[in-house]
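Trainee: These protein sequence lines are chains F and Y, in that order.
If you use UniProt numbering, the first sequence closes out at 266, no skipped numbers anywhere.
If you use UniProt numbering, the second sequence closes out at 316, no skipped numbers anywhere.
Calculated from the structure, these hints are not laboratory results.
Among the hints, a few may not be true.
Unchecked claim - Calculated cross-link-like contacts (lysine to any residue; reagent style SDA-like; alpha-carbon spacing at most 25 Å): (1) Y:182 <-> Y:96; (2) Y:16 <-> F:14; (3) F:14 <-> Y:149; (4) F:86 <-> Y:12; (5) F:86 <-> Y:101; (6) F:86 <-> Y:123.
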Amino acid sequence: MGEIGAYVALLGGKLRSMAAYRTSFAIELLSNLGSTVLDVVTVFVLYRATAVVGGFSLAESLLMTGLTAAGFTLADMIVGNIDDLKRYVRTGTLDTVLIRPLRVLPQLIFMDLPLRKLLRLAFGIFVYAAALVANHIQWTAARALLAVVAPIAAGVFFGAIFVLTASLAFWWVESGEIGASFTYGGRDFTSYPITVYGDWFRDLFAYALGFGLVAYQPALALLGRTDPLGLPAWAGYAAPLVAAPAVAIAALVWGTGIRHYRSTGS
Amino acid sequence: MIRMQDLQKDFTVRVKAGRLRREKRTVAAVDGVSLTIERGEMVGYIGPNGAGKSTTLKMLTGVLAPTSGEVSVLGLTPVPQRTRLALRIGVVFGQRSQLWWDLPLRESFRLLRHVYRVPAAEHEARLRRCRSLLDLDAFLDTPVRQLSLGQRMRGELTAALLHGPGVLFLDEPTIGLDVVSKQAVRSFLAELGATGDVTMVLTTHDLADIERLCHRLVVIDHGRVVHDGTIEALHERYGSRRSLVVDLDRPLPDGFTLPGATLTGVEADGHRVTFALDTASAGAAVAGLVSAASVRDLSVVEPDIEDVVARLYASA
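When you get a sec, could you build the whole thing from the sequences and use the hints?
Mentor: Here it is as structure tokens:
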């Protein structure tokens, strides 16, 4: 309890600090919303040109976009700020965090939770819900459960990717935007049916890195469609499990990163 | 309380060698330091920039892991036991802040109470003590970003003490402060040290901090301890002596000598002379002078620690 109270206090400190800048918070809230709206609009624009993309209709494709948007915005709001690890290392915030009697990652998350991304999250969930309605899904108990679990698993998966890519900064403070190609790049990948991508690129991102299991496969299961690429029907239901190895790898790399930081001090 | 045994910290730096090639080179920031610090001691840690002071402090607080050697603070090993140790030590980094930039000072203290899980009554008692000793009341409701450096440092000290640490680490606590704020910080630390409950290790470039606060002085250079002892021992070792500056009505007679003292300077046509006191006491020297010459004024000058340390850095 004591430790949880400490994290709650850190979050409270963040909230109160933000209250000092109400106007700029409101502006950030809206500008953050804008970028997610654009991602979704892109999908509509694409289907203005053609009725079917990669074998999927607009509504079906929107389910993947919505699932991605809900999961990604959830992850981005909770751990997205870990992207700033480079800055935390450079400015010495990491040292300050290390002298407190709390774990490093939750401290960094709670003391800097980007609540300006709140509207984004709400919009992501809205798009997902709208896509569920638009698709006339044949509801079963398994599909209902999947509909709830899939976006959360997507959030956990993207969260792990955020932590994983941010950990680069432990070895390489000047890592720049390389991490973004996997976080934001991964989001863009999962927003569309993976049938639209070229062979080797699809194999790498969808299956070797697991992005195909985030939105595409669960969406197939929800829609009751067979995979044009040949995976069995149960794969969609099992897909959320991809979050587990992602978290394990992220935790391992993060822990190794902290140890490396402590042994080099850079 | 604090034990370091053959403590070593190596950093790998990449040095440019040729147009594209880079060579790895290992630099020892802390090079085999062994020290034991007892409960209630106040130890001053000095050394030129890059001597390894901050690196040592970071190893003592669990921020950095040693390359080799042993370190223990309050019976704990800092790196694997960082969070347990953090509850029992206080740390002030002069150039970092523990406080919430946009919140009133009072809020930071309240948040730290939760971070360190301190019972409300204990928290109140410690805060009350710091408020009166450090005069915090005038700016307790001011956002930290609006505080002067001196006010902020007083806040940082309080923040480091609210959980009642047994050991306090201070990394350049007076850096950048004006004279009055420096005095306030020093007298607060002196008072804290006088209770004997808190062991203190402080690094500084301002030797007045050491003279005022620390009985024991550790000088570190190139990662090695070059002196460990009292300030007096340092003076003794480097042959710095007190001196007697005397203004005379008439120059001293030719061939005048003062037993146990050496004439080191003659100014103003012999109307001002300076003696270094080798073995003679100041009293004996004054008596010897007054009996032989007509003395208008005199003063005893303590040896300057800055000079000693400058010589020490140069020779190391």
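Trainee: None of the hints should be skipped; say for each whether it holds.
Mentor: Here is what the structure says about each hint:
no. : hint           : verdict
1   : Y:182 <-> Y:96 : 17 Å, holds
2   : Y:16 <-> F:14  : 43 Å, violated
3   : F:14 <-> Y:149 : 23 Å, holds
4   : F:86 <-> Y:12  : 19 Å, holds
5   : F:86 <-> Y:101 : 20 Å, holds
6   : F:86 <-> Y:123 : 34 Å, violated
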